[in-house]
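Visitor: Here is what each chain is made of, one letter per residue.
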Amino acid sequence: MRVERNDSDARSDESLLAAMAAGDEQAGVAFVRRYQRRVFGLARGLLGDVTLAEDVAQEALLRVWRHAPVFDARRGSVTTWVLTITRNLAVDQLRMRRSVPADPEDLAALGLVAEAADPADLAAGRGDLRNVAHVLRALPATQRRALLLSAYYGLSASEVAAREEIPLGTAKTRIRASMQKVRAALVPAPGPVFGEGGERV
Amino acid sequence: MSDCDEARELLPELVLGVLGGDERAAVLAHVETCRSCQGESEALVTAAGALLELVPAADPPPGFESRLLARRRRRAGGMTPGRRLRVRLAAVAAGVVLLGAGIGIGAVAAGGGHPAEAAVSVPLVSPAGHVGEVIAAAGRKGFLAMSVDLDGRSGWVRCVAVERGGRHVALGSFLLSNGYGSWSSPLRAAATVTKAELLAPSGRILATATFTTAV
Chain A
332 MRVERNDSDA
342 RSDESLLAAM
352 AAGDEQAGVA
362 FVRRYQRRVF
372 GLARGLLGDV
382 TLAEDVAQEA
392 LLRVWRHAPV
402 FDARRGSVTT
412 WVLTITRNLA
422 VDQLRMRRSV
432 PADPEDLAAL
442 GLVAEAADPA
452 DLAAGRGDLR
462 NVAHVLRALP
472 ATQRRALLLS
482 AYYGLSASEV
492 AAREEIPLGT
502 AKTRIRASMQ
512 KVRAALVPAP
522 GPVFGEGGER
532 V
Chain B
212 MSDCDEAREL
222 LPELVLGVLG
232 GDERAAVLAH
242 VETCRSCQGE
252 SEALVTAAGA
262 LLELVPAADP
272 PPGFESRLLA
282 RRRRRAGGMT
292 PGRRLRVRLA
302 AVAAGVVLLG
312 AGIGIGAVAA
322 GGGHPAEAAV
332 SVPLVSPAGH
342 VGEVIAAAGR
352 KGFLAMSVDL
362 DGRSGWVRCV
372 AVERGGRHVA
382 LGSFLLSNGY
392 GSWSSPLRAA
402 ATVTKAELLA
412 PSGRILATAT
422 FTTAV
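Quick note, the sequences are listed as chains A and B, same order. All the letters of the first sequence, read from the start, carry residue numbers 332 to 532 under my numbering. All the letters of the second sequence, read from the start, carry residue numbers 212 to 426 under my numbering.
Everything labelled a hint here was simulated from the structure, so no lab data went into it. Since the model is a prediction, treat every value here as computed from it, not as a measurement. Incorrect hints may appear among the rest.
Unchecked claim - So the derived label-pair ranges between C-beta atoms look like this: (1) Asp-270(B) x His-465(A): 24 to 30 Å; (2) Arg-278(B) x Arg-461(A): 31 to 37 Å; (3) Thr-403(B) x Ser-339(A): 44 to 50 Å.
Glycine residues also receive a C-beta, built at the ideal position from the N, C-alpha and C atoms.
Whenever a hint applies, use it, and build me the whole structure from the sequences.
Guide: Following this line, the structure appears as structure tokens:
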């Protein structure tokens, strides 16, 4: 699990959230400092506009702060939770402005540059992110577009279908297939289970 | 949806928060009782999170932190501990599970509460930007709670829920003080609610909250 140590607070993300839930303002400040670059980076990558990105980033961090008591570690990592809130707020803004994303084919628009993952990530040994970047690059363009449209821009399968001028079933298949490839690169599916008699359970 | 294969096909869309209506309800109902699909959901949540982490971090503009803290202080001024507690109590009384970030990645409840009764939390937005938050849940004990920070505007405002099909359900009139106000009211809607609106006495729409998942 990545821990960004730009801040001087040594507590884990979960500890900070627990402290924030208990009303510890300083824990909240430490959390903001720890996450602001990632949250703002995602907001800016999705929205393009710095002012709007700042608004969304602040709202996302305030929402995390407010909902700190609700965070359930069973549902996923703190990072995923924080970035999901950010992405959802950004998508709300895009929908309100009826902004179609520029060209989702262009990974550079999202800053998903091929070779250079964030050096800090590489230094922290984030092989998982390198694997995901590789999967993205290796996807057929049609699947990559469907994945970007749904995973980053929150388009439903029917919206992807309308935009790509493909049947709904095809859109669903592309989203599913690309997500399964990303998932496989991170969390290999469990192998078959064999019973005592050698039969497959 | 009792068939795992059927549910599995839709898990990626569910986890990405782009599955709507009946499909979403059916898949959630299945996942609630299926350990195998829960495991697969968790793996997909990890995948979705990794995709978001790929977008590079960036330095926010100078003063970001102090502006954020100022925003928080302003909100805290309006949403007193008493009001906040009443909103939470309303949610508990309605027997709902607050899913936090509304809908989307990670929203698959790990065995807590029937999905149909889950509350959603969405931003309240005006042309000027975020001005508050709305929490709502449908059902027998449906309710809608709203907290508002409308930058100095005081006086009466009206709150309505808008059903798909356009029918307006009046939720009441409320008083803003220094731009702040928060309230909750029962929500009796005949059809799916798609948004909530905050109106000036003249009927002008001040802010809107859109439910990206049906309430």
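Visitor: Can you list which hints this structure breaks, lowest number first?
Guide: Per hint list: zero violations.
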